[in-house]
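Chains as they are written, first to last, in the numbering used here: chain E, 218 to 407; chain U, 626 to 791.
Fair warning: there could be bad hints in the mix.
In silico negatives: residues of chain E with every beta carbon more than 10 Å from chain U [as the list claims (entries may be wrong)]:
id : residue
1  : ALA257
2  : TYR261
3  : LYS316
4  : GLY357
Taking CB as the label site, the calculated pair distances span [what the hints assert, rightly or not]:
id : chain 1 : residue 1 : chain 2 : residue 2 : range
5  : E       : GLU278    : U       : PRO651    : 22 to 30 Å
6  : E       : ASP244    : U       : ILE724    : 32 to 40 Å
7  : E       : ASP248    : U       : PRO729    : 36 to 44 Å
8  : U       : ARG725    : E       : THR381    : 35 to 43 Å
9  : U       : ALA759    : E       : TRP374    : 34 to 42 Å
10 : U       : THR775    : E       : PRO399    : 52 to 60 Å
11 : U       : ILE724    : E       : ASP262    : 41 to 49 Å
12 : U       : GLY727    : E       : GLY246    : 25 to 33 Å
Quick caveat, the hints were computed from the structure, so don't treat them as lab data. Glycine residues also receive a C-beta, built at the ideal position from the N, C-alpha and C atoms.
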Amino acid sequence: MSSEPDRSISTMPDGLWTQPTPSVPVDLGDDPVRRQVVPASMRYDYTPGLATTRFLRGLAEKRFLGERCPQTGDVYIPPRGVSPVSGLRTTEQVEVGPKATITSFCVVHIGFGVNAPPTPFVSALFLPDGAAVSLYGTMGEVPHDQVRIGMRVEPVWVDDDQLTTSMENIRYWRPIDEPDVPAEQLKGHM
Amino acid sequence: MAADDDGPDTAGGASGGGDGDLLRAPLVIEYPFNRTTGPVVGAFVTALRNRTVLGIRAADGRVVCPPVEYDPQTGAPLHELVEVSDTGTITSWSWVDRIREGQPVQSPHALALIRLDGADTAMLHVVDAPGPEAVSTGARVRIRWADEPTGAITDIACFELDGGAS
Chain E
218 MSSEPDRSIS
228 TMPDGLWTQP
238 TPSVPVDLGD
248 DPVRRQVVPA
258 SMRYDYTPGL
268 ATTRFLRGLA
278 EKRFLGERCP
288 QTGDVYIPPR
298 GVSPVSGLRT
308 TEQVEVGPKA
318 TITSFCVVHI
328 GFGVNAPPTP
338 FVSALFLPDG
348 AAVSLYGTMG
358 EVPHDQVRIG
368 MRVEPVWVDD
378 DQLTTSMENI
388 RYWRPIDEPD
398 VPAEQLKGHM
Chain U
626 MAADDDGPDT
636 AGGASGGGDG
646 DLLRAPLVIE
656 YPFNRTTGPV
666 VGAFVTALRN
676 RTVLGIRAAD
686 GRVVCPPVEY
696 DPQTGAPLHE
706 LVEVSDTGTI
716 TSWSWVDRIR
726 EGQPVQSPHA
736 LALIRLDGAD
746 TAMLHVVDAP
756 GPEAVSTGAR
766 VRIRWADEPT
776 GAITDIACFE
786 LDGGAS
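Bound-form chain E, shown alone:
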């Protein structure tokens, strides 16, 4: 039987943590179970709320609809119906983007999930022109080592007949031929 500990995934320093190796009264054969895939799944009936519903309906028309904080004037996207800064209800809908600036990014080498692009790819935060906060997405049409903070980008949408009320309308973002935005100007939006 396989009383040999399985060290193929991680190794703990001796004495820090051990598992007992039990005696076994039956023959377990040459191929004992060492690991299992155990899916944990939760199914929700998700409703995004009124403000985000307005945003998602805008996406179906390839438009970014944020909402403005009445106190600070900042435009939040996706809107949640209240300003996260003042707590006040947002009262004005504002179209932002679609051009945007990368405020932060990450080169992903280990993808997971059914929709992950081939690795390595770049996930990034995209600050649409006129918005105070960034949208999450992935970069395309550029080598991963040429992405930089301040890079100007635009969304690449799915075909018109594929548009739904979903962020998946954006296939990815790609660079546009505009000068980078200095990082100084992105302060407060990172």
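Chain U: place on chain E using the hints.
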């Protein structure tokens, strides 16, 4: 929608209005955990693959099934796996009428705590029974093994009522 909800002005006739039909969509959050079993649980599920059930002897001599790595009372490591029976006794149960996705039996069934013969603790599993009137605490049950065991708790397809009384 609530009649008193006044959304923001929809500038320029933005289509963002339409508050009347709030969006709604199915959302699945799923993690495909890849877990290491360790020597105790690994032995347990490997034995299930061979249609054998193992428990483990606790410090006070009781047999815990399914087996655990550490003593439930003292936390001391446990070392002696023992074979228990594929028959047992229902110690508690409830009837499941509404079947949800992923449940091991796709018809109304009992979820029961079952103390296998040779064990001193009970394990949670499904009892496939014609109806709640057929199930009772103290009823005798027997493992129905999966046709194609894989080395998982689901190698016990379910329990079925074991004909006669104990």
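Discussion item. Please list, smallest to largest, the hint numbers that this structure does not respect.
Written reply: Of the numbered hints, 1, 2, 7, 8, 9 and 11 do not hold.
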